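Chemist: Use these hints to put chain B onto chain A, whose structure you have.
These protein sequence lines are chains A and B, in that order. Our numbering puts the first residue of the first sequence at 5, with every later residue one more than the last. Our numbering puts the first residue of the second sequence at 99, with every later residue one more than the last.
Hints in this document: simulated from the structure, not taken from any laboratory. Careful, some of the hints might be misleading.
Dumping the calculated BS3-like pairs for lysine-lysine here, alpha-carbon to alpha-carbon at most 27 Å [to be verified]:
{"hint": "1", "chain 1": "A", "residue 1": "Lys45", "chain 2": "B", "residue 2": "Lys234"}
{"hint": "2", "chain 1": "B", "residue 1": "Lys208", "chain 2": "A", "residue 2": "Lys45"}
{"hint": "3", "chain 1": "A", "residue 1": "Lys131", "chain 2": "B", "residue 2": "Lys141"}
{"hint": "4", "chain 1": "B", "residue 1": "Lys298", "chain 2": "A", "residue 2": "Lys99"}
To give a feel for the contact side, a few chain B residues facing chain A, derived at Cβ under 8 Å [claimed, not checked]:
{"hint": "5", "residue": "Leu112"}
{"hint": "6", "residue": "Phe122"}
{"hint": "7", "residue": "Tyr133"}
{"hint": "8", "residue": "Leu196"}
{"hint": "9", "residue": "Pro200"}
{"hint": "10", "residue": "Leu207"}
{"hint": "11", "residue": "Lys208"}
{"hint": "12", "residue": "Ala211"}
{"hint": "13", "residue": "Ile229"}
{"hint": "14", "residue": "Ile252"}
{"hint": "15", "residue": "Pro268"}
{"hint": "16", "residue": "Gly278"}
{"hint": "17", "residue": "Leu317"}
{"hint": "18", "residue": "Phe334"}
{"hint": "19", "residue": "Trp340"}
Predicted model only: the values in this text are computed from it and were never measured. C-beta: ideal position from N, C-alpha, C; glycine also.
Single-letter residue listing:
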Amino acid sequence: MKKHRTWANLYLIVVFIILYMPIFYLMYYSFNSGGTMHNFKTFTWEWYQEVFHDDRLLIIVLNTLVIALLSAAISTVVGVMGALAIYYVKTWRVKNALLALNNVLIVSPDVIIGASFLILFTIAGVKLGFISVLLSHIAFSVPIVVLMVLPKLEEMSPTLIDAARDLGASQWHMLSKVILPFITPGVFAGFFMALTYSLDDFAVTFFVTGNGFSTLSVEIYSRARQGISLSINALSTLLFLFTALLVVGYYFISQKSSRLYGIGGRK
Amino acid sequence: MMKAMKSNVRNAYLIPYALWIILFVVAPILLILYYSFFDIEGKWTFENYEKFLTPIYLKMTLNSFWYAFLITLFSLLVAYPTAYLLTKTKHKQLWLLLIILPTWVNLLLKVYAFLGIFGTFGLANAILKTIGIGAKQILFTDFSFIFVSVYIFIPFMVLPIFNALEELNPSLIDAARDLGASAWTTFRRVVFPLTLSGVKAGCQAVFIPSLSLFMITRLIAGNRVITLGTAIEEHFLVTQDWGMGATIAVFLMLAMAVIVGMTGSRKRGK
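Excised from the complex, chain A in its bound form (with noise of 0.2 Å):
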């Protein structure tokens, strides 16, 4: 039994270090003078000052923040109002059409929502950039959005609705005062996942993103196309300190929600 044991956490740790490895591999080689991913010459901070001083860089990380900050408020507003629609409407069927509806989008590949979206805006006349890339990202995170919110309506008991109303609380107060506050860690998890979905994808963002507007994912993309250059390393090791600090904050909603949502299945 002892062995088994061992021979259990072996395999665990295994797959912990594949799992982390690169992530490192790509830490550890952001201090590399040398220039290159492999012979480790001197320790040198050259490669974050290269990052600092890239002021096309630099803006690239702004307009990835605005998009995802903005499209994930957006989505969520639109997300909670069609969790909201799905839960007041009685029959099933609708039920269950506006929830595979809803779902259509979350198994979608990537691909075939970003070749999608861009026949839709070339034909809408929606110019390829900023607007294009927000709109999609919204569109991508409503859905999740709503799976975020809708098992925590589905929760709550339907006698809190009709105690407010027999005690003549307005549609409005009913809302702010009743519903928001009891799906509120539904919201932030929601609010949560389509932040981090809208700051990791590339591939939809790659289709409508056109000329000169352009995210973290997609520059990335085009720089470790030409082959490698450390200074990718180095923005690499402050992202993961920035998405560390998120994590950090989406664990401690989600053990205030009790249980740790699934993470979908896209990319």
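Modeler: Chain B alone, transformed into the frame defined by chain A:
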């Protein structure tokens, strides 16, 4: 009066959401279908479908499915034991979080890391040299494509299986052992069938995206591996033949519908 107002408010919730469905779910699908009937000059034609049914495209489709199958299989083989062993650890929620954490690192950065690791002088070749096998060309091979893809997808496979294992009633295992089943029989006849929903959800979460991984094929496989996703990207963004790209997308959507139908509706949020 009261009732009318109430349903008005409810309809108000529905309006933005319904708009979203029409604009970003229904319209894109219809547009893809519509565009698949046009050739590169904008003439109405069935040529794209004829072209898709030629051996070149069918072989590419089969290839793409074969790679996706291999990626799903290897992810499952790695992820199932991982999920199973994770449920046995102390602080399992923390360990699970650590499995999920790498998914928050940008996918492209992880792929980029493998450019270094699998490179001619990278870590993988250094290890191969020290154990006496000698340096090999790893980058730009099928192996590197599958390895990196499996690496990317492992967390998405672990999570649903972990949740399914957590929901399993442990007294069922005790019962099987009491009735004289060996550890292997217990696993084969009790544990695995009862966690099949998680396995299916995981396979769905891996198989569909792996049909369309064009960035990994471009960066790691050096255009050696052409998947459906790569072909769609190529037609839309490089050759500008949207009709053909849309036709491939139609087939990818059909494949997706079949897979979703086969693996059942995905359990979410739980």
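Chemist: All hints are to be evaluated individually against the structure, with a verdict given for each.
Modeler: Right, here's what the structure says about each hint:
no.	hint	verdict
1	A:Lys45 with B:Lys234	holds, 24 Å
2	B:Lys208 with A:Lys45	holds, 23 Å
3	A:Lys131 with B:Lys141	holds, 25 Å
4	B:Lys298 with A:Lys99	holds, 24 Å
5	Leu112	holds, 4 Å
6	Phe122	holds, 4 Å
7	Tyr133	holds, 6 Å
8	Leu196	holds, 7 Å
9	Pro200	holds, 5 Å
10	Leu207	holds, 4 Å
11	Lys208	holds, 5 Å
12	Ala211	holds, 4 Å
13	Ile229	violated, 16 Å
14	Ile252	holds, 7 Å
15	Pro268	violated, 17 Å
16	Gly278	violated, 19 Å
17	Leu317	holds, 6 Å
18	Phe334	holds, 5 Å
19	Trp340	holds, 7 Å
The earlier numbered hints that this structure contradicts are 13, 15 and 16.
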